[in-house]
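For the record, the sequence lines run as chains A and B.
Just so you know, the first sequence maps onto residues 14 to 256 in our numbering.
Just so you know, the second sequence maps onto residues 173 to 779 in our numbering.
By construction, these hints were calculated from the structure, which means they are not laboratory data.
One or more of the hints may lead you astray.
[Unchecked claim] The calculated DSS-like cross-link candidates involving lysine-lysine, where the alpha carbons are at most 30 Å apart (straight line), are:
{"id": "1", "chain 1": "A", "residue 1": "K236", "chain 2": "B", "residue 2": "K407"}
{"id": "2", "chain 1": "B", "residue 1": "K416", "chain 2": "A", "residue 2": "K198"}
{"id": "3", "chain 1": "A", "residue 1": "K237", "chain 2": "B", "residue 2": "K422"}
{"id": "4", "chain 1": "B", "residue 1": "K273", "chain 2": "B", "residue 2": "K211"}
{"id": "5", "chain 1": "B", "residue 1": "K208", "chain 2": "B", "residue 2": "K368"}
{"id": "6", "chain 1": "B", "residue 1": "K422", "chain 2": "A", "residue 2": "K198"}
{"id": "7", "chain 1": "B", "residue 1": "K422", "chain 2": "B", "residue 2": "K436"}
{"id": "8", "chain 1": "A", "residue 1": "K115", "chain 2": "B", "residue 2": "K436"}
Since the structure is predicted, the reported quantities are computational estimates derived from the model, not experimental observations.
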Amino acid sequence: MIQFINYFEKFISHSLFILLWKSARKYRHYILNRFSQTERDSAWQLLQALPSVEPLEIRLKILGQLLEELYHADLFESLVQKEPVSNNPDFQGQRNKLFSKKQGPWRCFVYFLEGENSALKRLNELVKWGSQDVNLNRILKNIIADESGHCSVAKTYLINCGKLPEEINAEIQDIRQRRAQNYLKKIMALVAYPLTYLFMFIAYVTLGIFSFYLCQKAMRLNKKYQPKCLKQPIETLIFRMPT
Amino acid sequence: MNTIGISYGYHDSSASLFSSGKLLACYSEERFTRIKHDKNFPSEAIENILEDFNLKFEDIDQVILAEDPQLKFARILSSSLAAFPFTLKEFRISMSQWLGKKIWKLSDVAQHFKIPLSKVSYAEHHLCHAAYSFVASGFSESAILIVDSVGDWNSVTSYSAHKQGSEIKFVKNFEYPFPHSVALFYSTVTQYLGFKPNNDECTTMALAAFGEPKYRTEMSKILDINEDHFSLNHKFLNMLKFTKPGFSKKFELLFGKRREKNSKWSFNLLDNYTINPKDKLFADIASTSQKLFEEAVQMLARQSLQEAGSKNLCLGGGAFLNSVSNSAVASMDVVEKIYIPPDPGDGGNSIGANILLNLDLKINHLEISKALSNPLMGQQAPSLHVAGLIEQLNTESIHKYIERFNLEKFSLRIKSIESTATPEAIAKHISEGKIVAWCHGRAEIGPRALGNRSILFQPSRTDLAKIVSERVKKRFGFRPYALSLTQEEANRIFITANYKKFSSANMQFSEQIKPEFYDQVRAGMHVNGSTRPQIVNQILNPPFFELLKELKDKTGLAAVINTSFNESNEPLVNTALDALITFLRTDIKILCLDNIIIEKITKFNDK
Numbered sequence: 014m015i016q017f018i019n020y021f022e023k024f025i026s027h028s029l030f031i032l033l034w035k036s037a038r039k040y041r042h043y044i045l046n047r048f049s050q051t052e053r054d055s056a057w058q059l060l061q062a063l064p065s066v067e068p069l070e071i072r073l074k075i076l077g078q079l080l081e082e083l084y085h086a087d088l089f090e091s092l093v094q095k096e097p098v099s100n101n102p103d104f105q106g107q108r109n110k111l112f113s114k115k116q117g118p119w120r121c122f123v124y125f126l127e128g129e130n131s132a133l134k135r136l137n138e139l140v141k142w143g144s145q146d147v148n149l150n151r152i153l154k155n156i157i158a159d160e161s162g163h164c165s166v167a168k169t170y171l172i173n174c175g176k177l178p179e180e181i182n183a184e185i186q187d188i189r190q191r192r193a194q195n196y197l198k199k200i201m202a203l204v205a206y207p208l209t210y211l212f213m214f215i216a217y218v219t220l221g222i223f224s225f226y227l228c229q230k231a232m233r234l235n236k237k238y239q240p241k242c243l244k245q246p247i248e249t250l251i252f253r254m255p256t
Numbered sequence: 173m174n175t176i177g178i179s180y181g182y183h184d185s186s187a188s189l190f191s192s193g194k195l196l197a198c199y200s201e202e203r204f205t206r207i208k209h210d211k212n213f214p215s216e217a218i219e220n221i222l223e224d225f226n227l228k229f230e231d232i233d234q235v236i237l238a239e240d241p242q243l244k245f246a247r248i249l250s251s252s253l254a255a256f257p258f259t260l261k262e263f264r265i266s267m268s269q270w271l272g273k274k275i276w277k278l279s280d281v282a283q284h285f286k287i288p289l290s291k292v293s294y295a296e297h298h299l300c301h302a303a304y305s306f307v308a309s310g311f312s313e314s315a316i317l318i319v320d321s322v323g324d325w326n327s328v329t330s331y332s333a334h335k336q337g338s339e340i341k342f343v344k345n346f347e348y349p350f351p352h353s354v355a356l357f358y359s360t361v362t363q364y365l366g367f368k369p370n371n372d373e374c375t376t377m378a379l380a381a382f383g384e385p386k387y388r389t390e391m392s393k394i395l396d397i398n399e400d401h402f403s404l405n406h407k408f409l410n411m412l413k414f415t416k417p418g419f420s421k422k423f424e425l426l427f428g429k430r431r432e433k434n435s436k437w438s439f440n441l442l443d444n445y446t447i448n449p450k451d452k453l454f455a456d457i458a459s460t461s462q463k464l465f466e467e468a469v470q471m472l473a474r475q476s477l478q479e480a481g482s483k484n485l486c487l488g489g490g491a492f493l494n495s496v497s498n499s500a501v502a503s504m505d506v507v508e509k510i511y512i513p514p515d516p517g518d519g520g521n522s523i524g525a526n527i528l529l530n531l532d533l534k535i536n537h538l539e540i541s542k543a544l545s546n547p548l549m550g551q552q553a554p555s556l557h558v559a560g561l562i563e564q565l566n567t568e569s570i571h572k573y574i575e576r577f578n579l580e581k582f583s584l585r586i587k588s589i590e591s592t593a594t595p596e597a598i599a600k601h602i603s604e605g606k607i608v609a610w611c612h613g614r615a616e617i618g619p620r621a622l623g624n625r626s627i628l629f630q631p632s633r634t635d636l637a638k639i640v641s642e643r644v645k646k647r648f649g650f651r652p653y654a655l656s657l658t659q660e661e662a663n664r665i666f667i668t669a670n671y672k673k674f675s676s677a678n679m680q681f682s683e684q685i686k687p688e689f690y691d692q693v694r695a696g697m698h699v700n701g702s703t704r705p706q707i708v709n710q711i712l713n714p715p716f717f718e719l720l721k722e723l724k725d726k727t728g729l730a731a732v733i734n735t736s737f738n739e740s741n742e743p744l745v746n747t748a749l750d751a752l753i754t755f756l757r758t759d760i761k762i763l764c765l766d767n768i769i770i771e772k773i774t775k776f777n778d779k
């Protein structure tokens, strides 16, 4: 089932991705911006794990990689700026730290490896289905070369950690399973969307009709607001929930 | 008794730790997640606080949230219905956010700390600001004015407070509910000028100095200031429709089309004052809105003092990050003493909430006030974490990065690593005309770098200011830099003397420079001859004070340009590793980490 969902997700996102990239120029900035944010997040994940990476030689390589990820994020950002329609929204998400001190950095690197592999596939698609823009293609090819190097460093690190291929594969399966679950949630939300929309619409109209005036009054929108002198002593500084 | 204060949900999430009523730390979430103004639950900040002070969840006795979730929900529901039937989108978005998660904030907090709900409390957002400002001020009685975009419901609240034995009594005097928000008006103008609202207000403030307040009649149609109140005309604003720009079409009809977000400005502060007519229009709009904002805040301050019957004024809320309007308030005759806490914005509200919790726990305010005015309450950045890395920086992998990506013209090499980052050695580098990044001790709370996470260079060197603007901070060339100096130097070079009347340790007021000193501090001076100084406190920051003394010996001026150590759109660096990465990615030549100095030089000089 999980495998099926994974394939399904890949098929859908792959088709949508190519469709957007190939035919709708105005959405390109969105794709490039997503890449920029992913690269920046990737750098952040490496930053969390970096102090715990041993030996020093690999730590240095990872630092170099981290700098490259940030550089790629900057490159993607500059590509977004060059797009005719470019809206560069801030990162609105939340960081979910993959590194935990308890487990050490290895899990983080399995994630990293899996992420890099899928990013590589996407980037190759961008080049394959890409535009006539020679400069854009050159930049993308350079990034692809760097990302392939990152995969090999991550592999070296995992081997150095003494992790067995089975352990790594199990972790990869786990990642894929979680991704499938998240995807399933998204699909469910999408299916439920018309229902929630309808519910919200009914709630909005009902509440709006009956409480529009009250809300205007509460917001003091009915007339020009002029504050009153309150002289109201604050008796309770803090509140607690009734339990 | 260990208590944690938390502020999150809008912007600048943070967590603070008090132990036996004393502030031990306040960490901003953005410093850890590297997302500027991060609004998410401050889980990284909490994790790091607990780790740094060797605490576990079970050691935390009480937790307090700096907002009233129910009141805030009521405000959001009311505001999305008040513009019925044009706010379906806003209603849908905010209700799914609030009913899905935000309204259960207190349970989330309890769950995170694995403590019962009875140990989690909450306080009204503006009261938290008020408590922070008043208790930190040390005044025995005062008027308190809180101005921000919006708190739980209000956007302006005035209180009076006085100490009664070991307790503090607060009285609410007047309030302006959302959407009657003078700070949101300023943010809206910021957005109209093509900057980011809730982030780039300081850019609007900087731009204002290049214009003249020409559009007063037009702008007064939007913000009307009377003797005892202000009013906003919401036909020009979209404050209830957050999915749309803050200004309406009517606003654009009045002033013309908004400025494009990424368009370049025709002028800069250092070598080109010639403004093209289009940019002049926007500078005049910025200047007019700055002037009106100042007048509104002055009027509110006057009202606040009058209602409280006091001559002391404590200020709080993000609006008081505007140093020009702070100076306008400070210049009023009715104000005798004024106080703004180190972080008047939402980042400092976790401290405010914690103060209220400790007052409620009957801890004496004298105990609580002890460390509140110290801005150096962030995380320590020991160089230990990167020491091994630094010694190996000359390896191939880093070179590859530096050569390919850092700068177009230069190939960089790590020249030397010294273990003597004394103020004397740092002063030597600065006096030789180098850009120095200094990361030591505990980080500053709030948005201002005060010497512990700072980029420093000589105030006479406008060429260095240009490099920092273009290659490090990537910010608009018309934005000025701040000046850090000693009290004696301030006495010598300023015409005005706000710093004598009020604490200028946190870069919160502006001063006018005497013309004879213009050339010596050109890089730290705005187009109108003003600067935003930090008068360095010898007790709070001895190494930085020592550095200024060394600079006096070497250059004849105990002053240095001090700007935050970060790249564009990044929060202040936090750890030594953040500092190292920023150093490697930018054109900063010297990095001082605790006691280590690393120098980077161009290959053309590396002989």
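Subject >> Structure-inconsistent hints, enumerated in ascending order >> reply: Structure breaks hints 6 and 8.
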